[in-house]
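Student: If you read the sequences in order, they're chains B and E.
With our numbering, the residue at position 56 of the first sequence is 56, and numbering never jumps.
With our numbering, the residue at position 266 of the second sequence is 266, and numbering never jumps.
These are computed hints drawn from the structure, not numbers from a lab.
None of the values given here were measured: they were computed from a predicted structure.
C-beta atoms are modelled at their ideal positions from N, C-alpha and C, and glycine is treated no differently.
Any given hint could be a false lead.
Pair ranges (Cβ atoms, derived) [claimed, not checked]:
# : chain 1 : residue 1 : chain 2 : residue 2 : range
1 : E       : Val77     : B       : Ser231    : 54 to 60 Å
2 : E       : Thr241    : B       : Ser292    : 19 to 25 Å
3 : E       : Ile255    : B       : Gly229    : 47 to 53 Å
4 : E       : Pro47     : B       : Thr63     : 49 to 55 Å
Computed footprint of chain B on chain E, listed as stretches where at least three residues anywhere in the stretch have a Cβ under 8 Å from a Cβ of chain B [to be verified]:
#  : region
5  : 25 to 38
6  : 50 to 62
7  : 102 to 110
8  : 113 to 125
9  : 186 to 194
10 : 207 to 213
11 : 248 to 262
Chain E side only, calculated, beta carbon under 8 Å to chain B, not exhaustive [stated by the list, open to error]:
#  : residue
12 : Asn14
13 : Ala96
14 : Asp132
15 : Leu136
Here is how the chains run, residue by residue.
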Amino acid sequence: MSSTVGSTSHTRPGINPTAVGGDVPDGLAAGPQRGSRLPLLLLAPATLLLLVVLGYPIVRMVTLSLQEAKLRNIVRGDTTWNNFENYQNIFADPGFWDVVLRTVVFAVACVAATMLAGTLVALLLNRLGRRMRLLVSVGLLMAWATPVVTATQVWQWLFDTQYGIVNWALVSLGFDGFLNYSWLANPLSLLTVAGVVVVWGAIPFVALTLYAGLTQVPGELYEAAEVDGASGWRRFWSITFPLLAPIFTILAALSTIWDFRVFTQVFILQKAGGITSETNLLGIYAYRTSFSGNDFGAGAAMSVVMVVLLGGLSLFYVRRMIKEVDA
Amino acid sequence: MSARHSRVGSVAANTTAIIVFVFMVFPVYWMVNTALKPREDVFTRDPKFVPSPLTFEHFARVIGDNGFFTFARNSLVVTLVVVVLSMIVAFLAATAVARFRFKGRRGYIVMILAVQMVPFEALLISMFVMLDSVGLVDKLAGVMVAYLAFVLPFTIWTLRGFVANVPVELEEAAMIDGCSRAQAFRLVLFPLIMPGLVATSVFAFIQAWNEFILANVILLSESNYTLPIWLAGFQSSFKETDWSGLMAGSTLFAIPVIVFFVAVQGRIQSGALAGGVKG
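Only chain E is shown next, with the shape it has when bound in the complex (with noise of 0.2 Å):
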């Protein structure tokens, strides 16, 4: 290839990931722009592309909706209960499966894999029979218990593979200094495999923070309302759509989960695959 044809070339590529990147990109902007333009900026045959001028306007109009700190709140609770029980609970099976050979060992991995693949859609029926007749509709409780079995499956899966990865005689060493092996556990395998549980929790604190279907068939009340339920109700075909209410609603429940996500994920994702290619 001739120096000129991979200049050409790559100014080609660059173009491309521009276009590319703004495609990504734009729907997280136009989210953004919009929350911060005074109304009549919003409502324009030629759009506005910078938010001049600025107003938060929205952002008091919504934060000042008397629902607004309730539905925060809902969802912050059920968000860290699930965390902090799936961290829990995960650890210890993600632990007993990558540390002991036990009968059953390899049909437990098989089941933690095929009930990933079970349509969460599927269940969305049985599941809501099922928690109506434990008097759990309508609960906190009911979506927190759903999402906590939801989302093990996959902790346990991932966790398995961080733990699987610190080398055992690290622990062992712990035992031969004295160490009994819940001590070894606890002080020598569970910080090695802190990054592991960042992880996880992210994971499951945004599908946890972001799940709508189930809770818009359990949570029936107003008071119990998620954030996600709350942005659905924004819109309906009966009245105009407050977009500018909309937007920056949405923005304040979605920057948290970009900002965590862009954070973990980017650093995971450079070590994503590696040796995808060996077979």
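For reference, chain B alone in the conformation it holds in the complex (with noise of 0.2 Å):
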């Protein structure tokens, strides 16, 4: 969820400086004998929570995946095992392989916007004086927090065919092409749209993050640098883009896992546009797999494809968080 309800999310989680916090302290932890059923009792009841509302669906997400899976079936609970059918089903459809490479170019399309648009914000936000720079650290705070469904109503409200102010702006520039230009009527605009909803989301977590680093890179650096002679430009990729690799790397991958799972936006266009084969990504596709298609097993296999395949990401995220707190 967090990322979830995260995705939902948008209150991004992730980097959060407050929870490095070191290791146990020895006084408590050395207490009295009870201290030895006293943290199990604390932990007693996040751990029922998190392994039947989160364990449960996770393994039952697996199962499901290897079974005929039917909404009568789930309704009788007589789910049959049906010996891998479903991952071959999906594996030799090439709808299936259409909406991977879609949301993967989609995802990276994102990704990119996001950490190239992100990393000007923040180098801009360096620059500025005190009172510019808290402007734009406001306008940057309340797009984040703009809820995502209200953010991609208004976004649609924006692009509105007869009467948004994009193309209102844009046959005002001279591109008369947009007179009354229906951008959820043709798929790649459609997911255009979507992309600058998810990226306009995405930038004030990625701006403010390199921002909060940026301050900590030492004046002198630069100032060495000028005396040398070195352009801005130089400057920015022998100091501080080495210096701060860890965030970039860190800030890119968790945008990668977000930017791959997005529903909601695309979801919210499709109601009001009406194309959804041409659409769907992957989160989506297994819900109307499942819910439209009246096929849970290959929903959740397709799910489960998800998982594998944001796993290796995950993995790097994770590691480098214990490492965090190992330090």
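If you follow the hints, you should be able to join the two separate chains into one complex; please do so.
Tutor: So, in structure tokens, the structure goes:
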């Protein structure tokens, strides 16, 4: 969820300095014998909830993916094992591969745009005076805080065919082709609008995190480089980027995971635009296969594929965070 | 760098800053602007940037919609229950992880982190199947349980950091003065991590308040809708969208979250990632 509900998330979890808190202090830890039972008691409610409400669905996703499961099987509780048939079916379906490819391209494009824009905004923040920096920060926080459902609908209104301000602006700038242009009627432009919503919502986290990193870079390094005559471009690649590389990597990993999971933005635009088959991303496709296609087994198999595809990046992120805890 | 050069540079930087600000804020501004304009000013060829004359008729219409109070109440109930329960459960777990050494502690931390990486979207289907099997589909309790489990890993993780940052000596001193361990937690630790609890509960609040995907699958009858489902229902490809009403509804839905978030996050962010460049 966090990501989760993150996804919905917006409040992006992740890099949280306060969370890195060192080891357990010895004092209480070495307390009386009761100490051995007390922590387990304190952990019990959380553990129970996580096991039942998160653990079970994770297991059920895997078992479901290996079963024949229509809605009536689920209601009756008589889903039956079908020997990897769901996987064979989805892998043999060219439509599925289209969806996977579309999801990857969409995610990569969003991550690239987010990282580029986020970096530029962070560098800008670093150059501004106090007042302008506060202004931009407040703007970033407002975009960050906007709920995804709201953001999608407002952007959709901005991109409206007849009365949208985007088309008005484009026509005013001389792009007459955008007069009454219907953004949601074409798969590519629908996904472009979705991408704009995603990137707009993702820039604040990346920009503010990188800016916080930038403030830690010692100013003398830049002064020395300037004395040596290094250009701004050169200073960025020789000083800023290497020093902030760990933050860049983590941000890129998190962004990729989040953008791969995009659901709400495209789902709501599909509702309004009416085209679904050529704009489905992996999560939405799994959902539709289950609930509209009445094939929960195949939907679960696609979900497993999604988890596996993100597995490497997630592992990388978790290991990074563990290192910080241990540090 | 000459003084003139830097002045030119700062004019360019300030101009860019204003462009960035406008890009980030424009959608929110346009939402409120649309909600406050009379209908004939909304559907115009040339956009009106200032809502004059002002009207509150769209807000009145949206609030007067007989569903609105039901949806708002559902959203509030779900959100508040999730926030309160998650804070209690997470505080207990965070204290255990940050204050005690026990077997499996490290494994537990790894698990908390790893679980945050499971894509919620992938669990949609099995979550539905599970809630269906215990009769929680189309029940507010169904989404509450799910949200609770989804916010817990992050809230435990964050609170753990706050607890770890409070010196143990304070609790030890209280215990020497005759407090029980439970009292030391309640009277010493709890007040000191209040800022952490506030920040974390804002996070939980936003997650539960905004969540759409699972609610859309689980809450089937209209009387159980939360605000995001209601808002998403404004649009369909079959009818003209009531943009004025939708923007008024979105404003009511989003503004509390934005205000909360900017107030809390602004303070947290200033310290964010300090020391991140150490390595």
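Student: Taking the beta carbons of Ile255/E and Gly229/B, is their distance inside 47 to 53 Å?
Tutor: Cβ of Ile255/E to Cβ of Gly229/B: about 51 Å, so the range 47 to 53 Å holds.
Student: With a cut-off of 8 Å on the beta carbons, see whether Ala96/E makes it to chain B.
Tutor: It holds, given that the least Cβ distance between Ala96/E and chain B is near 4 Å, below 8 Å.
Student: Between Thr241/E and Ser292/B, does the C-beta distance stay in 19 to 25 Å?
Tutor: Because 23 Å falls inside the window, the suggested range holds.
Student: Does the Cβ-Cβ separation between Val77/E and Ser231/B fall within 54 to 60 Å?
Tutor: holds, 58 Å
Student: Using C-beta distances, would you say chain B covers the region 50 to 62 of chain E, given that this needs three or more residues below 8 Å?
Tutor: Coverage by chain B is violated for the region 50 to 62 of chain E (0 residues, Cβ < 8 Å).
Student: Under the criterion of a CB-CB separation shorter than 8 Å, is Asp132/E in contact with chain B as hinted?
Tutor: holds, 7 Å
Student: Taking a Cβ-to-Cβ distance below 8 Å as contact, does the region 207 to 213 of chain E have at least three residues touching chain B?
Tutor: Check passed, 7 qualifying residues.
Student: Taking 8 Å as the Cβ threshold, is the statement that the region 102 to 110 of chain E is covered by chain B upheld or broken by the three-residue rule?
Tutor: It holds, with 5 qualifying residues against the three required.
Student: For the hint 49 to 55 Å, verify it against the beta carbon of Pro47/E and that of Thr63/B.
Tutor: holds, 54 Å
Student: Count the residues of the region 248 to 262 of chain E whose CB lies closer than 8 Å to any CB of chain B, then report whether that count reaches three.
Tutor: holds (count 8)
Student: Quick check: do three or more residues in the region 113 to 125 of chain E have a beta carbon closer than 8 Å to a beta carbon of chain B?
Tutor: Per the Cβ count (13), the hint holds.
Student: Hint check: is the beta carbon of Asn14/E less than 8 Å from a beta carbon of chain B?
Tutor: holds, 6 Å
The structure is inconsistent with the numbered hints 6, 9 and 15, although it conforms to all the rest.
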